[in-house]
Amino acid sequence: MIPASFEYVRAGTIEEAVAALREHGDEAKLLAGGHSLLPLMKLRLATPEVLVDIGRVDAMKGVCETDDGRLAIGSMTTHQDVMDDPLVREHCGVLAEVTAMVGDAQVRHRGTLGGALAHGDAASDLPAAILALDGTFTVEGPDGRREIAARDFFVDYLTTALQDDEVVVEVRVPKLDGDWGWRYEKFSRVSQAWAIVGALGLVKRTNGTIEEARVGLTHMGAVPVRASAVEDALAGNGPDAIADAAQHAADGTDAPSDLNATSAFRQHLARVLTRRALEAAAG
Amino acid sequence: MTNVQITVDGTTYEDEVEPRLLLVQYLRDVLGKTGTNIGCDTSNCGACTVHLDGRSVKSCTVLAVQADGATVDTIEGLASTDGAGGDGDATAGWHPLQRAFHTEHGLQCGYCTPGMIMAAADLLRENPDPSEEEVRHGLEGNLCRCTGYVNIVKAVRTAAAELRGEEVGA
Ligand SMILES: Cc1cc2nc3c(=O)[nH]c(=O)nc-3n(C[C@H](O)[C@H](O)[C@H](O)COP(=O)(O)OP(=O)(O)OC[C@H]3O[C@@H](n4cnc5c(N)ncnc54)[C@H](O)[C@@H]3O)c2cc1C
Ligand code: FES
Ligand code: FES
Numbered sequence: 011m012i013p014a015s016f017e018y019v020r021a022g023t024i025e026e027a028v029a030a031l032r033e034h035g036d037e038a039k040l041l042a043g044g045h046s047l048l049p050l051m052k053l054r055l056a057t058p059e060v061l062v063d064i065g066r067v068d069a070m071k072g073v074c075e076t077d078d079g080r081l082a083i084g085s086m087t088t089h090q091d092v093m094d095d096p097l098v099r100e101h102c103g104v105l106a107e108v109t110a111m112v113g114d115a116q117v118r119h120r121g122t123l124g125g126a127l128a129h130g131d132a133a134s135d136l137p138a139a140i141l142a143l144d145g146t147f148t149v150e151g152p153d154g155r156r157e158i159a160a161r162d163f164f165v166d167y168l169t170t171a172l173q174d175d176e177v178v179v180e181v182r183v184p185k186l187d188g189d190w191g192w193r194y195e196k197f198s199r200v201s202q203a204w205a206i207v208g209a210l211g212l213v214k215r216t217n218g219t220i221e222e223a224r225v226g227l228t229h230m231g232a233v234p235v236r237a238s239a240v241e242d243a244l245a246g247n248g249p250d251a252i253a254d255a256a257q258h259a260a261d262g263t264d265a266p267s268d269l270n271a272t273s274a275f276r277q278h279l280a281r282v283l284t285r286r287a288l289e290a291a292a293g
Numbered sequence: 003m004t005n006v007q008i009t010v011d012g013t014t015y016e017d018e019v020e021p022r023l024l025l026v027q028y029l030r031d032v033l034g035k036t037g038t039n040i041g042c043d044t045s046n047c048g049a050c051t052v053h054l055d056g057r058s059v060k061s062c063t064v065l066a067v068q069a070d071g072a073t074v075d076t077i078e079g080l081a082s083t084d085g086a087g088g089d090g091d092a093t094a095g096w097h098p099l100q101r102a103f104h105t106e107h108g109l110q111c112g113y114c115t116p117g118m119i120m121a122a123a124d125l126l127r128e129n130p131d132p133s134e135e136e137v138r139h140g141l142e143g144n145l146c147r148c149t150g151y152v153n154i155v156k157a158v159r160t161a162a163a164e165l166r167g168e169e170v171g172a
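Chains as they are written, first to last, in my numbering: chain A, 11 to 293; chain B, 3 to 172.
Computed footprint of chain B on chain A; a stretch qualifies when at least three of its residues, placed anywhere within it, have a C-beta under 8 angstroms from a C-beta of chain B:
| # | segment |
| --- | --- |
| 1 | 13-27 |
| 2 | 40-49 |
| 3 | 58-72 |
| 4 | 109-116 |
If you anchor each label on the Cβ, the simulated ranges turn out as follows:
| # | chain 1 | residue 1 | chain 2 | residue 2 | range |
| --- | --- | --- | --- | --- | --- |
| 5 | A | F275 | B | E169 | 46 to 54 angstroms |
| 6 | A | A106 | B | D55 | 19 to 27 angstroms |
| 7 | A | D68 | B | R138 | 32 to 40 angstroms |
| 8 | B | T73 | A | A110 | 22 to 30 angstroms |
| 9 | A | A14 | B | D55 | 26 to 34 angstroms |
| 10 | A | N217 | B | H107 | 51 to 59 angstroms |
| 11 | B | T73 | A | E37 | 29 to 37 angstroms |
| 12 | B | G71 | A | E25 | 19 to 27 angstroms |
| 13 | B | V152 | A | F275 | 30 to 38 angstroms |
| 14 | A | E157 | B | H107 | 55 to 63 angstroms |
For lysine to aspartate or glutamate, the following EDC-like pairs were computed, each having C-alpha atoms within a straight-line distance of at most 20 angstroms:
| # | chain 1 | residue 1 | chain 2 | residue 2 |
| --- | --- | --- | --- | --- |
| 15 | A | K196 | B | E135 |
| 16 | A | K71 | B | D55 |
| 17 | A | K196 | B | E136 |
| 18 | A | K71 | B | D70 |
| 19 | A | K71 | A | D95 |
| 20 | A | K52 | B | D31 |
| 21 | A | K214 | A | D242 |
| 22 | A | K39 | B | E20 |
| 23 | A | K196 | B | E142 |
If you're looking for bench data, these hints aren't it; they were derived computationally from the structure.
If you're wondering where the values come from, they're calculated on a predicted model, not measured in any experiment.
All C-beta atoms, glycine included, are put in the ideal place defined by N, C-alpha and C.
Between the sequences and the hints, there should be enough to build the whole structure, so can you do that?
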């Protein structure tokens, strides 16, 4: 299978990428790792006239600490490099753990954090993690930079708050201070497949109680969601409250039905996976 | 057309390619290196796995222009000789993984084998002594429709032992 013809533009800097997007408008697409875009182009489900390759923009690779005490992860950092990064492992191990469950080794060597988030795929694992972490996106367009909170970034199926001429430069996540535990429960048909449903439990523990609980759900709607009813029910309680709280995991969600699962089965999975994830996270 | 310069199995090539040419097509159709197979052509099976700057990738999901300036290693460059060595040893010069797939019967039709071996080579570079579980997880991006994987896992662990310098029975 061969993609339709396109014009290839290689950007050396963020500014060049923005300029190319601005010049070509909605006929252009950014090419990061290509592991979502190229399969679509091979099936001719996407036929961009111009591809702007940002694979060599080194300013968008790697991880650093920010002045406000967070981690800034360049959007072109591959999944493998996120997993291996010492700062991520020390301060935000949950992100390394979720990233390790994306696809397979070869996919993780090419796919990037920014590409996975900008694509806005409902079945992608990383959006739920960034949402649960209250992460933010730094994006650059012709008028400079702006910051978008994760809860505002994911708008609809394959649709984000990005404008046609904006590039995700980096993703900021907090350093998890204190005694946090986490577990991502991913339910899929075969080993390297996409999530039918995924539930991330992230728990801050203090003296045997749950000070704060966060739950991010994958593929329970067009965009990732937080199970806020579960989170509210757990704050200040002990781990024995998890089983009852998790019964509310699917509240307010709009889970799709497809060949893999009905909406009702997805709701069941959300409740079970949320319980398992939280029990492991609180343990 | 776009000019690319890519070092494949130690030789540097320069070609004019269409931007939409996939790396696997560049290897097979332009360079004639057909050792790398195309299986699913949908990024799932891993038959097309090669190393791009040292890491395993699915070459059906990389554009040749993305590999411009890079080093690509394929199954064809893995052995240090073509195997037709002296002393009647047909496997002389083979990479330990190639030898172990042979001795442990890690293949039947052989279609997945080039990709399996290249994925396994990267896995062993990262983890020289993987457990059975780790081999299975590490090779989850490679499908085999024949063997049932048992002998593939055995072959990878046998090769790992040899690469660590341990004695491996013939
Ligand atoms: C076989 C296979 C299995 C997979 N399994 C999983 C899985 O289990 N879980 C999972 O989460 N993902 C999975 N993926 C997807 C993988 O994580 C991709 O790498 C990721 O979704 C896209 O990242 P990319 O760098 O390849 O982006 P690309 O494919 O290059 O780009 C994706 C989209 O984002 C846009 N984009 C890219 N970068 C930017 C940027 N910096 N700013 C603005 N827009 C941008 C592009 O224009 C394009 O529209 C799988 C992929 C494959 C091929
Ligand atoms: S041919 Fe590339 S993954 Fe199957
Ligand atoms: S040996 Fe036939 S596909 Fe693996």
